[in-house]
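Protein chains in written order, with the numbering used here: chain A, 1 to 297; chain B, 1 to 369; chain C, 1 to 263.
Simulated from the structure, these hints should not be mistaken for laboratory data. This one's a predicted model, so the numbers in the text were calculated from it and none came from an experiment. Here a beta-carbon is modelled for each residue, glycine too, at the ideal position from N, C-alpha and C. Honestly, I wouldn't trust all of these hints.
EDC-like, lysine to aspartate or glutamate: derived pairs with alpha carbons at most 20 Å apart [what the hints assert, rightly or not]:
| id | chain 1 | residue 1 | chain 2 | residue 2 |
| --- | --- | --- | --- | --- |
| 1 | A | Lys12 | B | Glu60 |
| 2 | B | Lys174 | B | Asp200 |
| 3 | B | Lys283 | B | Glu269 |
| 4 | C | Lys126 | A | Asp263 |
| 5 | B | Lys265 | B | Glu248 |
| 6 | A | Lys12 | C | Glu162 |
Some chain C residues close to chain A (C-beta under 8 Å, calculated; not the full set) [claimed, not checked]:
| id | residue |
| --- | --- |
| 7 | Val17 |
| 8 | Phe33 |
| 9 | Leu86 |
| 10 | Val112 |
| 11 | Ile124 |
| 12 | Phe127 |
| 13 | Ala140 |
| 14 | Tyr203 |
| 15 | Val225 |
Simulated restraints, written as ranges between beta carbons of each label pair [claimed, not checked]:
| id | chain 1 | residue 1 | chain 2 | residue 2 | range |
| --- | --- | --- | --- | --- | --- |
| 16 | B | Asn279 | C | Tyr96 | 55 to 61 Å |
| 17 | C | Tyr96 | B | Ser64 | 40 to 46 Å |
| 18 | C | Val105 | A | Val109 | 35 to 41 Å |
| 19 | A | Val109 | C | Phe227 | 44 to 50 Å |
| 20 | B | Ser64 | C | Val105 | 40 to 46 Å |
| 21 | A | Leu87 | C | Arg64 | 39 to 45 Å |
| 22 | A | Thr286 | B | Ser64 | 19 to 25 Å |
| 23 | C | Pro94 | B | Asn27 | 29 to 35 Å |
| 24 | C | Phe176 | B | Asn27 | 31 to 37 Å |
| 25 | B | Lys114 | A | Thr286 | 35 to 41 Å |
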Amino acid sequence: MEKHRHKFSLLKVLRENQAAQGSFLMSPTNIYSMIFIVLPLILVVVLSFLARGTYGEVVFRFNLTNYTRLFDTLYAKILAFSLGVGLGTTIVSLLVGYPMAYYIARAPVHQRSLLLFLILLPFWTNFIIRIYAWIMILREGGFLNSFLQWTGLIHQPLNILYTPTAVLIGMVYEFLPFMVLPLYTSLEKIKDAQLEAAADLGAPPWKAFLRVTLPLSVPGMIAGTILVFIPAMGMFVVPDLMGGAKTILIGNVIRNQFLTARDWPFGAAASMLLMLLTMAFTIYYTRKAGFGEELLV
Amino acid sequence: MSEYAVEFRDVVKIFPTPEGGEVTAVNHIDLQIQHGEFFSLLGPSGCGKTTSLRMMAGFEWPTSGDVLIDSKIMGRTPPYQRPVNTVFQSYALFEHMTVFQNVAFGLEMEKKSKEEIKCRVCDLLEMVKLSDMAKRKPKQLSGGQQQRVALARALIKQPSVLLLDEPLGALDLKLRKEMQLELKALQDQVGITFIYVTHDQEEALTMSDRIAVMNQGRVLQIGSPIEIYERPNCRFVADFIGETNFLEGIVVSRQGNLAIVNVTKLGVEITCMVSGHLNAGEKAVISVRPEKIRISKVPQGEKNAFKAKVVETAYIGSDTRFILDGVGNVRLSIWEQNKTSTLDPNSYYRQGQDVWVNLPLENTLVLPG
Amino acid sequence: MSEKKPALWLRIYTFLVYAYIYFPILILVIFSFNTQKLNIHWEGFTLEWYNKLFQDSQVLLAARNTLIIAFISTLVATIIGTMAALALQRYRFPGYNLSETVLYVPVVIPEVVMGISLLVFFAIIKFTLGIATITLSHIAFNIPFVALVVRARLHGFDKSIEEASMDLGANELITFWRVTLPTIMPGVLSGAMLAFTLSLDDYVITYFTAGPGSTTLPLRIYSMVRFAVTPEVNALSTIWILIVFILLFIGEYAPRSRTKIKT
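So that you can see chain A by itself, here it is in the shape it has in the complex:
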């Protein structure tokens, strides 16, 4: 009897109280996030201030050496290189992707979803497979070299694989859709009337593009930049497979500290640095653009 009374009043509270319903629906997510996202990240923060023992275990000695180590020339170089690769990937994707997005935004309406679908199609396959495909093409005995030698354009195989160039090609390949889609969304929204007005007022097509189309597509560019730059910086798979020993990014450093060198505190500090960089970037850019979810969705 008692149990029934309690159950009834819980349901009653839920029914009558909007906020209670909302909290109830949100609670599984909140609990799960607390345990598997917030807590682990807090552990990493704490870990970054600890030290490594002789046998790779964690010693509870609070210190800042991990962070100072990060600014050592070696790691500072890697950091700078990561930023460079991230930036390079973003810029190249932007340059490669913009004309494509423009083409699709101007295509006949019924074709547009098909064209977009065609861009996305390969990306539904596993991304390691796609990287492997590029390895096949770019390596010394690979397709590209064989082809170029066959046509007589070169006489010695080009050393592309295991260089930063290969990493760039691979990264751009991976991130292109993330740049094209937001650009397309932004371009598609531009009303023709504005371009017609520009023409009416005396602007030739290239000027109209520069002064009207380009500025109006900036939200798309910003969204694309965020979607490319941040994951690009944290990448380690592409440099690992395509970059060889010479190309190391922050992501590789982190990976190595946790799995090979077993210096978890140092790895944690490096992760923190990466996180801070990405957060700073995101906050700065979203403040500037003031964008909501509409562009992502």
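Dock chains B and C against chain A, hints included.
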């Protein structure tokens, strides 16, 4: 048999605003709605009519006061336990179900047998003339058809009261007029209480047995269409329903249900009908409808007569509309039925012509100013 | 923007970009049939690598693991994520902003960081790495993606159909089951599909939370690419591509069969 179908006792509803303030949607309302009547809640947007309806349905609970249905206080009873059903403004049909399933839904909730459901749904679809649409989905129907499905879906539960929230708003004019008559006929046929919310005063006048005119959360007047139209009790009602002319003035004297009002601008004293509280010395406004005013070339020797000049005329065919200018730039709008079929233009009043205006006593009201 | 015939250079350019996108895949597929083991020159046509693939117990185990993890994590994440989407889109409650921010964390932090944080967490609570840890991690990053998709679909949701349902006698639970859920189902299924794909495809987070013996297909492919490169990898890739393409075409073109009739 309970006393009233629906009753409101001093109902108040206050909503919190997102900015942290409050808005009073319903401000102390009393209603007594009789069984079997077609009762309309009429008023402009934001007057509280929809909120009142939703409190009857159970989607909102009063902040204070009582809502009674069949003489039972509803309190916080949820909608699925109330003997009323609603026809929504957007129809709110279940898109993922067929017409048949939509109409059957209410009976499924009552756990009726399959045979009974089939029988009653078919009967109701026939009543709204949608029998051959049973297997279609709402998306495949026109606006008028969707509206009838919404109606059938609510009626099948044989509620004691049917609530309708501006159900004809989305239909085009011709269809709307047709549906108004159909709904009225349906209500006569089925015999249950209909409570109808609308902002269209013509619609309310056409269909209702009684109307409650609302503004800013209050009920201003309740009465039959004739009462509301011919005897509005305040300026807002006189203005909201139909067209009227207003003349500002001061009450000179009052005797029983007659009063003499001095219309300062015209410099004339008008004798009017009064209801309610108006005493000598108070500000008042005279309301007289355009179709009631009489104009003539020569004075007819009654009270309430004065001179004016015809400023504009508009020949509509069935009637002629005039704008007159009286002394002190007082404008009057007059509608006169064209009862004769003479083609002689001289028999019609012309622009610039001087005429005598007469305000018949029984059609001239004075209201609080 | 409305349609406009593009300049020739633009058309050629776009075509080239599409070629850039599809070319690697083409090479991959073609060379899966190559007799030469080193896979450098085209030698002849054979199916031996496909044969080898189906007998490779490690690959089959990895495939099985991948599917189990994908199904379970999708199921759990879809339920939890849909609830979160409903909560955020339709209610206001204390802690709303905080809940929303925390929800989207996995979407904005780099995968490496999320991966190692989970590794550290499991190490500290001494939970052995294996299929369980991978699944738990996948659920963690799938929830926000499901929530994002469902939320987008909830935008145009007309609350009055829920009111109509309750008006007709259904209580809150029945209303949810018979009216709300069927109406949002397309969005929920989209979210589930996204979650399934993300789980199937995941490398980085899985890498950090997998233990010995709990390998998944992406992990297996990675080690095959790094250490034992034979056309077997091509064969595996080709099959994966084929399955994905087929599923996608079914998903895109199957629901188009209804015709609309209006009187």
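Against the structure, the hints come out as follows:
For the proposed pair Lys12(A) and Glu60(B), the alpha carbon gap of about 15 Å is at most 20 Å, so the pair holds. For the hint linking Lys174(B) to Asp200(B), the alpha-carbon distance of about 15 Å falls within 20 Å, and the restraint holds. Taking the CA atoms of Lys283(B) and Glu269(B), the gap is near 14 Å; set against the 20 Å cutoff, the hint holds. Pair hint Lys126(C) plus Asp263(A) holds up; C-alpha atoms about 18 Å apart against a cutoff of 20 Å.
At most 20 Å may separate the alpha-carbon atoms for a hinted pair to count; Lys265(B) and Glu248(B) meet this at roughly 8 Å. Straight-line distance between C-alpha atoms of Lys12(A) and Glu162(C) comes to about 18 Å, which keeps the hinted pair within the 20 Å bound. Taking 8 Å as the C-beta contact cut-off toward chain A, the hint placing Val17(C) at the interface holds, the least distance being around 5 Å. At about 14 Å, the closest approach between the beta carbon of Phe33(C) and any beta carbon in chain A exceeds 8 Å, and the interface hint on this residue is violated.
Interface hint at Leu86(C): satisfied, since its Cβ lies 5 Å from the closest Cβ of chain A, which is below the 8 Å cut-off. A hinted interface residue such as Val112(C) counts as satisfied when its beta carbon comes closer than 8 Å to some beta carbon of chain A; here the least separation is about 5 Å, so the hint holds. A hinted interface residue such as Ile124(C) counts as satisfied when its beta carbon comes closer than 8 Å to some beta carbon of chain A; here the least separation is about 6 Å, so the hint holds. Checking Phe127(C) against chain A by beta carbon gives a least distance of about 11 Å; that is not within 8 Å, so the hint is violated.
Given the 8 Å rule on beta carbons, the hint for Ala140(C) holds: about 4 Å separates it from the nearest Cβ of chain A. The restraint placing Tyr203(C) at the interface with chain A holds, with a minimum CB-CB distance near 6 Å, inside the 8 Å limit. Hint on Val225(C) holds. Least Cβ distance to chain A is approximately 5 Å, under the 8 Å limit. Against the hinted window of 55 to 61 Å, the Cβ-Cβ separation of Asn279(B) and Tyr96(C) comes to about 57 Å, which satisfies the hint.
A C-beta distance of roughly 29 Å is found between Tyr96(C) and Ser64(B), which places it outside the suggested range of 40 to 46 Å. About 37 Å separates the C-beta atoms of Val105(C) and Val109(A), a value consistent with the hinted range of 35 to 41 Å. Between Val109(A) and Phe227(C) the C-beta distance comes to about 49 Å, which sits within the given range of 44 to 50 Å. Restraint check, Ser64(B) to Val105(C): a C-beta distance of roughly 45 Å satisfies the suggested window 40 to 46 Å.
Roughly 41 Å separates the CB atoms of Leu87(A) and Arg64(C), a value that falls within the hinted 39 to 45 Å. The hint said 19 to 25 Å for the Cβ distance between Thr286(A) and Ser64(B), and at roughly 45 Å that hint is violated. A beta carbon spacing of about 30 Å between Pro94(C) and Asn27(B) agrees with the range 29 to 35 Å that was offered as a hint. Taken as a hint, the range 31 to 37 Å holds for the pair Phe176(C) and Asn27(B), whose Cβ atoms sit roughly 35 Å apart.
Take Lys114(B) and Thr286(A): their Cβ atoms lie about 56 Å apart, and the range 35 to 41 Å is violated.
When held up to the earlier numbered hints, the structure conflicts with 8, 12, 17, 22 and 25 and fits the remainder.
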